[in-house]
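Participant: Chain by chain, the residues:
There are 2 protein chains.
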Amino acid sequence: MKALATSPAARGLEDDAAVLPLGSETLVLTHDTMVEGVHTLDGQDPADVAWKLVAVNLSDLAAKGAEPLGLLVSHMLGDDDHRFIEGLRAVCTEYCVPLLGGDTVRSEGTRAWGCTAIGRATHVPVPSRSGARAGDAVYLSGLIGQALLGFEALRDGTGGDESAYCRPRPQLELGHALAPSVTAMMDVSDGLLIDASRIARASGVTLHLDSDAIASMAPEGRLEEAMRWGDDYVLLASGPEGLEAYHPVTRIGTVLARGDEPLLLDGSPPEGKLGYTH
Amino acid sequence: MKALATSPAARGLEDDAAVLPLGSETLVLTHDTMVEGVHTLDGQDPADVAWKLVAVNLSDLAAKGAEPLGLLVSHMLGDDDHRFIEGLRAVCTEYCVPLLGGDTVRSEGTRAWGCTAIGRATHVPVPSRSGARAGDAVYLSGLIGQALLGFEALRDGTGGDESAYCRPRPQLELGHALAPSVTAMMDVSDGLLIDASRIARASGVTLHLDSDAIASMAPEGRLEEAMRWGDDYVLLASGPEGLEAYHPVTRIGTVLARGDEPLLLDGSPPEGKLGYTH
Numbered sequence: 001m002k003a004l005a006t007s008p009a010a011r012g013l014e015d016d017a018a019v020l021p022l023g024s025e026t027l028v029l030t031h032d033t034m035v036e037g038v039h040t041l042d043g044q045d046p047a048d049v050a051w052k053l054v055a056v057n058l059s060d061l062a063a064k065g066a067e068p069l070g071l072l073v074s075h076m077l078g079d080d081d082h083r084f085i086e087g088l089r090a091v092c093t094e095y096c097v098p099l100l101g102g103d104t105v106r107s108e109g110t111r112a113w114g115c116t117a118i119g120r121a122t123h124v125p126v127p128s129r130s131g132a133r134a135g136d137a138v139y140l141s142g143l144i145g146q147a148l149l150g151f152e153a154l155r156d157g158t159g160g161d162e163s164a165y166c167r168p169r170p171q172l173e174l175g176h177a178l179a180p181s182v183t184a185m186m187d188v189s190d191g192l193l194i195d196a197s198r199i200a201r202a203s204g205v206t207l208h209l210d211s212d213a214i215a216s217m218a219p220e221g222r223l224e225e226a227m228r229w230g231d232d233y234v235l236l237a238s239g240p241e242g243l244e245a246y247h248p249v250t251r252i253g254t255v256l257a258r259g260d261e262p263l264l265l266d267g268s269p270p271e272g273k274l275g276y277t278h
Numbered sequence: 001m002k003a004l005a006t007s008p009a010a011r012g013l014e015d016d017a018a019v020l021p022l023g024s025e026t027l028v029l030t031h032d033t034m035v036e037g038v039h040t041l042d043g044q045d046p047a048d049v050a051w052k053l054v055a056v057n058l059s060d061l062a063a064k065g066a067e068p069l070g071l072l073v074s075h076m077l078g079d080d081d082h083r084f085i086e087g088l089r090a091v092c093t094e095y096c097v098p099l100l101g102g103d104t105v106r107s108e109g110t111r112a113w114g115c116t117a118i119g120r121a122t123h124v125p126v127p128s129r130s131g132a133r134a135g136d137a138v139y140l141s142g143l144i145g146q147a148l149l150g151f152e153a154l155r156d157g158t159g160g161d162e163s164a165y166c167r168p169r170p171q172l173e174l175g176h177a178l179a180p181s182v183t184a185m186m187d188v189s190d191g192l193l194i195d196a197s198r199i200a201r202a203s204g205v206t207l208h209l210d211s212d213a214i215a216s217m218a219p220e221g222r223l224e225e226a227m228r229w230g231d232d233y234v235l236l237a238s239g240p241e242g243l244e245a246y247h248p249v250t251r252i253g254t255v256l257a258r259g260d261e262p263l264l265l266d267g268s269p270p271e272g273k274l275g276y277t278h
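Those sequence lines, one after another, are chains Z and R. Quick note: the first sequence, position 115, residue 115 per UniProt numbering, numbers continuous. Quick note: the second sequence, position 114, residue 114 per UniProt numbering, numbers continuous.
Think of the hints as simulated: they come from the structure by calculation, not from any bench. Values in this document were obtained by computation on a predicted structure and should not be read as measured data. Errors might be hidden in some of the hints.
[What the hints assert, rightly or not] Take a look, some chain Z residues computed to stay more than 12 Å from chain R by CB distance: (1) D16; (2) A18; (3) L27; (4) D32; (5) P98; (6) R120; (7) G157; (8) H176; (9) E225; (10) D260.
[Unchecked claim] Computed footprint of chain Z on chain R; a stretch qualifies when at least three of its residues, placed anywhere within it, have a C-beta under 8 Å from a C-beta of chain Z: (11) 152 to 159; (12) 207 to 217; (13) 247 to 255.
Just so you know, even glycine gets a beta-carbon here, dropped at the ideal spot from N, CA and C.
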């Protein structure tokens, strides 16, 4: 969609959310679509699909430090609409965000669901991917690899905890708290390594990550996968040293001047695929 | 989605657009989804699909007298994405509205496209469906049945004018101009009769329409179909007598106190299906 940006108001189009000044406020707008079988597992509870659809959009707002004002949801009707509505109700209640409207359609084929989240910035300038500067520290705001474990539990029916995959929890309060202090921020939706490389590229810097520090945030023995799997919706940020004294974040690296590679893990470019690409 | 309205901010949820006060401004938000084969004809040019996707959302803003601020578009990738992008570019340029962002996804099945349009109200209170009062006149702002003719031309390959079906033109300027004067307003998307009955129900009144007046706005010999076909995206409004002296609208009826029927055509309830229902 980038090629179509027709306005300077579309600052941050490279980001997961659009930023739009309006009167005395700054709007933050995001839209994500989920496709049956692509972003969901066969037979997954539609209540969980609805929760996740909303949660991933709220997570985009969290990464902007934005406060959600409302949602528009597009729903393709099926046999299990009451479960979808149930999940919508649960996530809207949990995050105190009103469903303002949307659309329902019928389709014979694969179903898809869309959500637009509308938020207001709590801090201007709104954090983007492009503000990381050499000398900043790199922070991660929670565990990775939990969605991977949840996905496996659901897929294999092991009875393990599926919640991180099925009902991710956007870090709205933490994003709000971090926004004034960070230089760049995004949520880890496609994998820590690929998302870190996106901050590096957008900021014109190199991110140097420390696998020992990351290992403390990942399931034992699954570090390599956990760094590439995504769907965890924790926050990845750059900012001044010492933020861990004030916020529940862990330092996982340092921002360097741009070298040959945008991303280094213990001094070398990470091997293989970095994460999920659309 | 109605059952889920969780906030009084969702005023006008029965409407095609949500109204959300924010600081000194009032946002108007709308989302519509189009499904391949449901809202499009097989083999239709994706550039026209993109145009229509945006235009129907802008038409919802027009009915609120809102000025468009930007769009978020969700696109399912296919073999013909360049044509879709071409149509997006054309409609964004035509209506000077920036594409702020959105999402692209892949799906093996039937494709669907979503658009969220964000606007700012130019007049508060924002016109809704529920303000029609006994004694008001009923107005129509343009021709009906043109999309019907365009659809037939495209389907049958007659070489006739397809533009009203393929590239509808939202009446943004007229909606803006009418907003301070009307008591209720909506766009004719599902058919004049069904849309008129929606204003009547939302307002708790009866709309009495005059088929002779409507006939002057419809293709000769196709009046009954034209009143039920929709897709024309002209504006239907109620308001004080005499608006036709100041605006390009035609009086087509009168608002009565609520009688036994919400809608009368020449004194009797219209026969058969009133229009397209989702």
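Participant: Work down the list of hints and note, for each, if the structure agrees.
Facilitator: Each hint tested on the structure:
1. D16: At roughly 8 Å from the nearest Cβ of chain R, Z:D16 sits no farther out than 12 Å, so the non-interface label is violated.
2. A18: violated, 4 Å
3. L27: violated, 7 Å
4. D32: violated, 5 Å
5. P98: Given a closest Cβ separation of 3 Å, the condition is violated.
6. R120: The claim breaks: Z:R120 does not keep its Cβ more than 12 Å from every Cβ of chain R (closest is about 7 Å).
7. G157: Nearest chain R Cβ is 25 Å from Z:G157, so the label holds.
8. H176: Holds, because the least Cβ-Cβ distance between Z:H176 and chain R comes to about 17 Å, which exceeds 12 Å.
9. E225: holds, 23 Å
10. D260: holds, 30 Å
11. 152 to 159: With 0 residues closer than 8 Å to chain Z, the stretch 152 to 159 of chain R misses the three-residue bar; violated.
12. 207 to 217: violated (count 0)
13. 247 to 255: Coverage by chain Z is violated for the stretch 247 to 255 of chain R (0 residues, Cβ < 8 Å).
Violated hints for the displayed structure, listed by number in ascending order: 1, 2, 3, 4, 5, 6, 11, 12 and 13.
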